[in-house]
Amino acid sequence: MNRNTCLVILFGFYALGLWGQEKTQIELNGTADVEYLRGGNSSHYYLNGVHKDLKTGAVRPLELNLLAKIRFNPQLSANFRVQMERDEGLKFDQVRLAQANVQWNPQESPWQFTAGRFVTPFGLFSNLQLSTARTFVDVPLAYGYFANISEQIGQVDRLGNGTQIPINGRNEWGIPLLYYNGYANGLKTRWNFAPGKASWEFALTTASPNLPKNFRFDPLNYGLITRLKLQPKYFWKHGFSFSHGKFLQADLLNDNLIDRSGYKQTLLGTDFVLGFGHFELSGEAMGAFYQVPTYSPSTKKYSTNQNFQAFSAWVDAKYEFPFLVGTYAAWRVETLQFSGTWDEAVLRNSVVIGAKIKDFILIRSAFALQSIQHSNATGYHAWRTSLTLYF
Amino acid sequence: MRTLLSIFFNVILLLNTADAPINKNKIVGKIAIPTEVPLLKRGSNQKYCEEEPASPRKKQIDQENHPNRHVVVSFHSLDFKATISPTTSAIMNQMEKTFVPKVLPITQGSTVEFLNSDTEVHNIFSMTPRATFNIGRRQPGKSVPQLIEKLGLVELRCDIHCGMNASILSLDTPFFTKANASGNYEVDGLPDGNYKVQVYHYSLGFVEDNITVKGGGVVTKNLNLVKP
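Residue numbers (the numbering used here), protein chains in the order written: chain A, 1 to 391; chain B, 1 to 228.
It should be emphasised that the hints constitute simulated quantities derived from the structure, not laboratory data.
Not one of these hints is a red herring.
Pair ranges (Cβ atoms, derived):
1. B:N222 - A:E108: 34 to 44 angstroms
2. A:Q107 - B:K26: 33 to 43 angstroms
3. B:T88 - A:T266: 58 to 68 angstroms
4. A:I357 - B:P174: 27 to 37 angstroms
5. B:Q60 - A:S261: 43 to 53 angstroms
None of these values were measured; they are calculated from a predicted model.
Virtual Cβ for every residue (Gly too), placed ideally from N, Cα, C.
Let the sequences and hints guide you as you build the complete structure.
Next up, the structure:
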């Protein structure tokens, strides 16, 4: 999205809030992240989060966020997040309106309604969008590793890493199981049917939750996303997520497809958080089921309605040092597996040490070792040290 | 020589004691509090604060826990050092993902009991310099004691729940109270003398003034938190 458009929308709503009612309240928050990153010889933004031009080590801005909540009255509010990040992990020039919604909490009701752009309800990690909410610097494989399915041309073997197909001036690399920025457009409702014990969310969106550029509305696309959150014990939270939707993005390359509606993804997921004392164990597992065309670059022809599956799981173990308030160490083990040979399995182990220096300064240093099946390259490791300032 | 010095200081002490105020004064007043929370709120814990549909209990707690209902007024002697003893029953509760009360005034050196009355765990910590602690995730129904040695504000957060925050106000005086919902307050038992008046509001911060009391009477001191 155009940077100026983002700012105009944000300040338009800000002005609306000021003009609206005497009781309007505005909360503003912001985060700024800068990082030092260094990666192995095979580094690539779509594989280990490190752009190949930065693999020898570089200090770069990571992310800038401005968050605003405008509360018109106790029932009605508007929420915004303007986000700036690096384009494919390199140039710091991407501006997004990552959140822009109106939320209605009817009085004396367990229901809540949201319209606009909001965080997708699918999964545990989607709600950990801000770096201040994350244990690690990087996102899990399911959210950050680009698999060989493209929103324009379906499944292509060795997409990007071998098979190079330029789309809009860039070689296509596919998309992750879930879009790492985690936002969706549409309508969402939440039903807190057993306060403190269980709640349920349901969203009708303009695409399935794996689509990155979901701001563009395509009448062929839709998404249904739902999540059930339970708390079986005081130390245990559990979630079940489901989504089904379409994610086609029109392109000259798929214009010759007779049936362009066959870009479907179904996601099933479950997640948990266990916490006691200074220890927390959390994780998520999901299965992605695709019905997409397969594209052959050599014949430039499609085979429609092909089925592919991918599975991913991650577990985080985190310990906060009680004798050094604000510090913690964590370990993450995660995997991404694919049915058949349409992509290569990935295994990643990460460790991180974090410290909240002040109430507004967070430092983290993470190291990840990653292996990709059938790959001769061993250079996918990544060092990422980030400094986060927030207010 | 040492004996002479000791006698000298004891005489000085005796003279001071003789001059110590004996009248007990009462201060009453009203604090003008803005009806609305200020434009810029602080302490949202930096996460996506997606609000949950609030239960009737949560709404009741939010109303009772509004910063306007937790305005602390305290009187600090400018003439003598007041004797303080630890505040008894200093409890910081957690209910419906909210710290209750929003502001807990105590005397310096008191022990605050952190009680979890929710059905889930909270991770209470403070990054306030000289008052850093992290009591970790604790079982509902259990309270955890924490000694507060620092003077002044101790900011509390929960790392698990966005927007869950509160303050402990540690004071070096026994003369403090909370204003009621209308802003009225009453503090009794102040010896004659000059005092610094301090008002603390969670969202508005501190406002200070001075007052002199003598003769054991009732003095009215109105204070204003509303910006002109």
